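Participant: As given, the protein sequences belong to chains A and B, one line each in that order. When the letters of the first sequence are read in order and numbered with UniProt numbering, they come out as residues 1 to 116. When the letters of the second sequence are read in order and numbered with UniProt numbering, they come out as residues 1 to 177.
Calculated directly from the structure, the hints in this document are not laboratory data. Mixed in with the good hints, there may be bad ones.
[What the hints assert, rightly or not] Each pair of labels, with its calculated beta carbon distance range: (1) A:Glu85 x B:Met1: 26 to 36 Å; (2) A:Leu111 x B:Gln134: 37 to 47 Å; (3) B:Lys119 x A:Val58: 55 to 65 Å; (4) A:Asp62 x B:Glu74: 29 to 39 Å; (5) B:Ala124 x A:Leu26: 26 to 36 Å; (6) B:Gln134 x A:Glu85: 45 to 55 Å; (7) A:Lys54 x B:Ile158: 54 to 64 Å; (8) A:His17 x B:Glu140: 30 to 40 Å.
Since this is a predicted model, take the numbers as computed values, not measurements. Glycine included, every Cβ here is placed at the ideal spot set by N, Cα and C.
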Amino acid sequence: MSQVTSDSQQLLFETSHSSLHQCDELERYILQFKGDSIHFRACELITFKRKVQKIDLVKLLDSETPDVEIVHMPHCDRIFAFTIEDVLELKELFAGAFTMLELNSMIHRQLVRRPF
Amino acid sequence: MKDILRRHSVLKDEVVDIINKQVQMEAQSSAAYLAMAAWCDVRGYDNCAEFFFKQSDQEREHQMKFFKYLVDMECDAISPAVGESQHEFEKLRSVFEKALEMEIAVTDSIHDMVRLCRKVGDLATEEFLRWFVQEQIEEEYVSRRCLELFDVLGEDKIALGMIEERILDVKYDAAEG
Chain A
1 MSQVTSDSQQ LLFETSHSSL HQCDELERYI LQFKGDSIHF RACELITFKR KVQKIDLVKL
61 LDSETPDVEI VHMPHCDRIF AFTIEDVLEL KELFAGAFTM LELNSMIHRQ LVRRPF
Chain B
1 MKDILRRHSV LKDEVVDIIN KQVQMEAQSS AAYLAMAAWC DVRGYDNCAE FFFKQSDQER
61 EHQMKFFKYL VDMECDAISP AVGESQHEFE KLRSVFEKAL EMEIAVTDSI HDMVRLCRKV
121 GDLATEEFLR WFVQEQIEEE YVSRRCLELF DVLGEDKIAL GMIEERILDV KYDAAEG
């Protein structure tokens, strides 16, 4: 789904409405979601991922409470209201993207950083 | 593709979570020792109060060691919210019993952290925790020795006076022997 294309930007994972790229040149991650493009440093991405992971879907499904979760992203001064579908999509995106990042780390550890 | 994640994020999520919980526990312990110091101070046990003020400072130092470790590793260090501490105690001995219970809880928690580090293969954090494992041996020893003073001397007014005189001399020196 993503329009992010550049030699230094590589797709980590994508779902039907979101994608996450890594930009080697800027050392940033680029999230494409609902038509927005948001840049993250590594620590910011991890913080955002943890916020999304901590969202209680059961509580969101409870009819007594509003079915949106407000998430603030201070690094870009934006506030998002995520629906249940958004949260599910982001959880899937981060699960896939971080698996790819772990795999990349393993490849670097076993093949790239090994002196012999 | 560069390994950006490894460059900027050293610790695994579960290790970050458990260290943040420890930051909270150390902050809570520091606050609890302050409450104990206050209880002793207003009842005239000046040396016991000084003992607990020092303990409170130590717990704060431990908290900051964990906190700075997270920051150094470029991880999210969460400044903890501290809950209510126990301010009322039946007698001086109860204060020291509570102190020993707290130290045992901290020891258990540190050991859980070491076990987690071994499980996920985090050798750096395990090494970092080595100092805390040793520190807890000392902390528990001192708390236990303080409590033993009550067993040896009793709890009448003269005994409490003697405990008050001796409390600041309780030290851990077993490793030197």
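Participant: Look at each hint and say if it fits the structure.
Facilitator: Results of checking the hints against the structure:
| no. | hint | verdict |
| --- | --- | --- |
| 1 | A:Glu85 x B:Met1: 26 to 36 Å | 30 Å, holds |
| 2 | A:Leu111 x B:Gln134: 37 to 47 Å | 38 Å, holds |
| 3 | B:Lys119 x A:Val58: 55 to 65 Å | 28 Å, violated |
| 4 | A:Asp62 x B:Glu74: 29 to 39 Å | 36 Å, holds |
| 5 | B:Ala124 x A:Leu26: 26 to 36 Å | 28 Å, holds |
| 6 | B:Gln134 x A:Glu85: 45 to 55 Å | 51 Å, holds |
| 7 | A:Lys54 x B:Ile158: 54 to 64 Å | 56 Å, holds |
| 8 | A:His17 x B:Glu140: 30 to 40 Å | 54 Å, violated |
Checked against the numbered hints above, the structure breaks hints 3, 8 and satisfies the rest.
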